[in-house]
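Which chain is which? The protein sequence lines are A and B, in order. Residue numbers for the first sequence follow my numbering, so the first one is 1 and each next one is one higher. Residue numbers for the second sequence follow my numbering, so the first one is 1 and each next one is one higher.
Honestly, the hints are just simulated from the structure, not real lab data.
Coverage of chain A stretches by chain B, computed from C-beta distances (three or more under 8 Å per stretch; other residues unrestricted):
1. 71 to 82
2. 248 to 254
3. 309 to 323
Computed list of chain A residues with no C-beta within reach of chain B, every gap over 10 Å:
4. I15
5. V16
6. L42
7. A49
8. A99
9. F103
10. I147
11. E158
12. K189
13. I231
A quick note: this is a predicted structure, and the numbers were derived from the prediction, not measured. Even glycine gets a Cβ: it sits at the ideal position worked out from N, Cα and C.
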Amino acid sequence: MKNKRGLYLFDRIFIVLMIIGIMLLIAFLHLISSALSRGTYLFLFIYAASLAGVCYFSYKWIYRPYKESNKVLRLFHEGYIFKGVFDLRVPFNHESYLAFQKFKEIIDTKELIEGSKKHAEYLALQNQINPHFLYNTLEGIRSEALIEGVDSIANMTETLATFFRYTISNVDKLVSLEDELTNVENYYKIQKFRFGEKLDFNIDFQGDNPIEILKARIPKLTLQPIFENAIFHGVERKMGKGILTLKVTATSKRLIIIISDNGVGIEEERVRKLNKKLRGASLEYMKEDKNKGGIALLNVNNRIKLIFGDEYGIYVYSKAGAGTDVEITIPLIME
Amino acid sequence: MREELLRIENVTRRIEGITYLDNINFHIFKGEIMGLIPLNNHGKRQLIELISQNVSISFGRIYFNEELVNYYEHSNMTNNRVYTIDTDTKLVEDLKVIDNINVLNHAFREHIIKEKKLKVKTDELLKQLGIKIETSAYVSELSLFEKTVIELIKAVISGAQLVILKELSSFLSIEELSDFQKLIQYYTGQGIAFLYMANHHEEAYRICDRICLLENGRIIKVIDKKDFSEEILKPYIISFDNSKALNELNKSAGIFEFRNFVTENLKDISFSVKPGECITILDINNKGIQDIVEIFSGTGQPIRGDILLDHKRIDPINANHLLMNKIVFIPENPVRKTLFYEMSYLENLTFLIDYKLNKSIIDKKILKNIREEYRLIVGNDVDARDLTGLDAKALYDLVYYKIQLFSPKVVFIMQPFSDADMYLRGRIIGLIQKLKKKGIAVIILAVNISDNLTVSDRLLVMEDGKLLKNYDKKAIEIEK
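All chains, full assembly: derive it from the sequences and hints.
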């Protein structure tokens, strides 16, 4: 690309500045060599001092911000940051600043369109399944089971109905932490039918007022996919009892949720690569093989980063044989 | 709701192509003691530097007091309100305690120093904290423990919100450490946070609220206080248990003895060591073993008492005579103190050999043989022209092989495991075992137990300069 277009604008500016600098230096050296009176020396001294000042000033004022902006653009290109690119510390000029803001707007609307597209897909899915039909059927099974006196089937059907209702119907972007936790608990109950005593789950609130924290807002279906991951990639393959823990910590600015399992864990190199991917928001993961695992993490991470910004998201701690901790960070938003 | 003091988010720090910190993520709350156990030392120094000062980073964000202070685009090089405490005190030795606390301090705004007023203020503060230190004394007169206490008080008064404590147990004795930890706990009540760096989880478990493990520049695990257990750490640490390597003592040969030894701080010490035996002298309140170190460095002399080797008195007792009698001393952090970095590996290795052979010029043939012999053990490191390119492991090998080549009868080792990460500690244990196998008596001087028991056959406990207890190997196992 560089060959096609020749020199970039900023390269040209730097070249011209260099030439001017060299010319000034030559003039300066000439003045020194031909200096005659004491007055000229004084002038040269002041001139040299101010020249050094100008050099230092342009380094701090122009060169550093230029380098920093370049770094931001490169990080954007490499996929490490996403929204950070729109607020450069020192924009190149007013027009490029406006252009960047416009891009931001376009991307936000694109996201909106994408969101509504997804919304529509949800609706379509809903229609296909016809939730009323599904709920009615499940209710039917439940009452039949109750009549027959098989409570376990009745409970299981009820939990399944609640789980589906939450997953399919409510398409609001943010829900309360309480709703999310209930959904996770429902999911756990369903899995418990399968795993029995092999699976154990507990929720742990760190801090003084858990009831207050339960009202915090969180994107819908953030916890359940990760919880599902912990069961199928962590605990299921492990011998012995699988213990899942969900820890909630609230600070004045953030909500930190850690989902831990004592399962098989992930080997070092894969954790490193996974965390590298989780660092930025990108759509790369969609192309990957769905059975590979970790897709749920990337999807939730992407949603968090798109909604709240680059500084929030997911980080994974894991070691083969030592279990996995998935740390989810979102801003603390109260009702 | 808890307040975060420090938050490090996806930080990567690369210097000259080497990644020191690799996408690390952690936070410290106000009033929290966060433990940091480095499984190896890679990235440890860079992390401390990064927490203290907003130096440039390749990627990530750092928040101090919920304020973005450093991020990938711009690092302003400012200092955070962080103070680091380690062995090297940052107090001015030639000034008084009150001046160090009050005057050498960013928060001090007065133009005239009113010494009396400051003394009253400082005395009151120390009384409140339950500390007895003479505030008009010069810092140089204080013990290491007292200096550390004063440094912490100074840090808090100058407005530090996070205090980094670097391996306290390597220079404070068990008793001092427990006193110091009380002071730490008092300050956490006031919202000061601590980053407590320790090489041993037992030590960190006792005081920390959470612990994170650092390996290869990555935080690989954060553990809550509730989950502190041996079990949870098992997959992360290596065990040094190689007690089967302990060989039978060689009873026929000579014996090394300290008899009725008295110095300023040692009170009538007597003990003996057999060839091939290793003992640890554990100094609970850090009062006696410094005197032994001073004798070896030539700055101290015993008041009374004898050192006997094979029932013969060594007379007079000074550093040179001890070396002539094949008694050597390895100081703490030997790679810094006993090696000559601009000299070649072989020159370092054969440094003591002229004493052994009693010749000042060594035959080239001998040197060649030594080179070939050690090539089998250390590989091509033996050809190194200077030591600057070698890693810590190779340098520790060199220190111990140098001693091995000299083949002394007795080796004193001061705190062999201080400042060493987990892998290095395993290595040092192996090196000490090798000395024992050669029939050398090893005496470890320590202020904390740490890994010393793994190699020791006996443990002598010293308090206030007196030897109190003598545990043998079996008793050690039971105590463990």
